[in-house]
Amino acid sequence: MKCRSFQKKLSACQDSELKPGEQEEISRHLRSCLSCREQYEKLERVWQTLGEMEEIRPDPWFYRQLVGKIKGPREQGGRSAVEWFPQLWRAPVIVSILLVLGILAGTYLGNILVRSDFHPFQPDRTSYSREALFDSLKAFEPAPPGTLAHGYLQMTAYREDESR
Amino acid sequence: MGKEIPSEELMARVAEGDESAFETLVVRHQASVLNLIYRFMGDRTQANDLAQEVFLKVWQAAKSYEPKAKFSAWIYRITFNLCLNERKSSRYKKWRQFLRFNKDHEIQADEDLPASSPSPEDLLLARERSREVSDALQGLPEKQRMALILKRYDNLSYQEIAQILGCSISAVESLLVRAKRTLQEKLKIF
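Same order as they appear, the protein sequences are chains A and B. Everything in the first sequence is counted per the numbering used here, starting at 1 for the first residue and increasing by one. Everything in the second sequence is counted per the numbering used here, starting at 1 for the first residue and increasing by one.
Just chain B, same shape as in the assembly (with noise of 0.2 angstroms):
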């Protein structure tokens, strides 16, 4: 097995127009900033045409990239502003309330089912206890929410977060002791 090529390097061929490595640089990321994008923002169709947004602007960017921050944070940052961006626009809204009438069934239909397949009773508990943290998640403010979902799920040091959200280190650990315990309330934790 060859070593793989560095994210970084991949982007340097980008932007000399090499569309093999922009697809390995998709191909690698678009999992991690689908989910992102998927927990921020609380709906699978809108992170999908988000997450296609996100790539388009890594295509636009390839020629002015520098490579001073890791990729992976870099691309993070993008993706945080987009949602942001997205969030503030009153499309977000009907979207929103759109795929709120609509959840159930599209829960339901974009569903695969596992090779073993645990019980209908199963999924739909899973599902539902699914939709309760995404919920918990919806309701915490968005810096607040973009540094828990990059901990627990990404598991970013404070550091890259502090780059992604342009804040300082002591202040994503204050967002982070709040969201916890947000989260503790939300969730029923007691």
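Extracted from the complex, chain A is given alone in its bound form (with noise of 0.2 angstroms):
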């Protein structure tokens, strides 16, 4: 067998996975050939490193946790989905329920808050005049009251009846 053949093998030659006669054909070619020897002293140097990874120690409390976790549920009132079933109901009715309330107290307010003579929308009927209105047609003259042309045009009239 050549070198390469054995290099494949040399893991499971180290991890004692072989059958008898091929770990001990292995080991008699390690021991004559320098290059699969520096191979496997490589494996066991990794495998060695490797045990320099610390091993930590289980919490004393470890057990009296998990009984915590495994009652928990149950001690705390756990329920079963038959329990569980008329709680998802409880949600949308409260939600409902506030909802309605919310309406009722709104209009309710707004019933007692507000007067019912109150349009702050609506144009003022009892000032509303058929003079305000022609007032208002104004604004589409040539020179409407208010503006400076309406003002000079004043003026120039003010002093053509003066001289007059």
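Hints in this document: simulated from the structure, not taken from any laboratory. Using N, Cα and C, we set each Cβ at its ideal position, and we do this for glycine too. Treat the hints with care, as some may be off.
Chain A is nowhere near these chain B residues, computed Cβ spacing over 12 angstroms in every case [stated by the list, open to error]:
no., residue
1, K3
2, E4
3, E8
4, E9
5, I78
6, N81
7, N85
8, S134
9, E142
10, K143
As a list, the in silico DSBU-like pairs of lysine-lysine whose alpha-carbon atoms are at most 30 angstroms apart [said to hold, decoys possible]:
no., chain 1, residue 1, chain 2, residue 2
11, A, K8, B, K186
12, B, K70, B, K57
13, A, K19, A, K42
14, B, K3, B, K63
15, B, K188, A, K9
16, A, K69, B, K70
17, B, K186, A, K42
18, A, K19, B, K143
19, A, K71, B, K63
20, A, K2, B, K188
21, B, K186, A, K2
22, B, K70, A, K19
23, B, K88, A, K71
24, A, K71, B, K70
25, A, K19, B, K57
26, A, K71, B, K68
27, A, K71, B, K57
28, A, K19, A, K2
29, B, K3, B, K57
30, B, K188, B, K143
31, A, K69, B, K88
32, A, K19, A, K8
33, A, K42, B, K188
34, B, K57, A, K69
35, B, K63, B, K88
36, B, K143, B, K88
37, B, K186, A, K9
38, B, K143, B, K68
39, B, K143, A, K8
40, B, K68, A, K69
Reconstruct the complex from the two isolated chains, following the hints.
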């Protein structure tokens, strides 16, 4: 067998997973082949280095915590699916009740606080007059009232009156 | 000294609700499960939480447990699946980022000094080396990492590892060859 074939089996040899015959054959080869021996020694060093990873110890209260998790839901009133089912309805029902109460309260407050004769978006019908309507139409004149042109025209008219 | 009750028999008792049998099982296997998770995931706080989940699953599955394989292989398979699920969850990433930030403090806070305590320099070096090894392990693909951990630290046979990982014996051999080769480079062993 060539070195390459041996090297493929070095890992399994290290793990003692080869048949006894193969294991012995590789051991013999390693004694005579420097290159394969170096390969094997590298594997051994990897194995050794892995041993430098620390080992951790379980917490002393590990089992107690575990029992707490196992018994916890039962002791704290853990519920079956049948017991949980009515709770599925709880949230929508509460939201609906709150919504209806909100609408009722809003309507009630609206009726109390706002006067029935108070119409902020409608014109004041008591002060509405025909004159006001005509005044507003003056806005379409060449010199509407309140403008600079209207003031000028009034001044010139006043001077003409005085000169007469 | 009485003969130790096999774990498979203890599981049968657990299925009948025997809490003391469950306690014996937990005490017997907690260190190996905890360290398996720690080496796979790379942090101790998470290892503790996941180990609890493993035993919680053991308790829940007690009634359906059938001793087809060794109990240790069965519990390691549960552990491996839990670790994979945890890795996939986004929760893990956030957790990992948080712990990486606090890692130095965490290790110093949790470590108990042995009775004949080595010098602080030695401890520091040992921790540093341990972290290097852990980081090298974390760099391996999941199956390679688990196969290597089970072989190196738990000395399981290829057949047992194959059962736990759900693959063939030759696949385990191949996983280990590749894992060892990658670690040679990562740990700078030339």
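Could you work out which earlier hints the structure fails to respect and list their numbers in ascending sequence? Numbers 8 and 25, in rising order.
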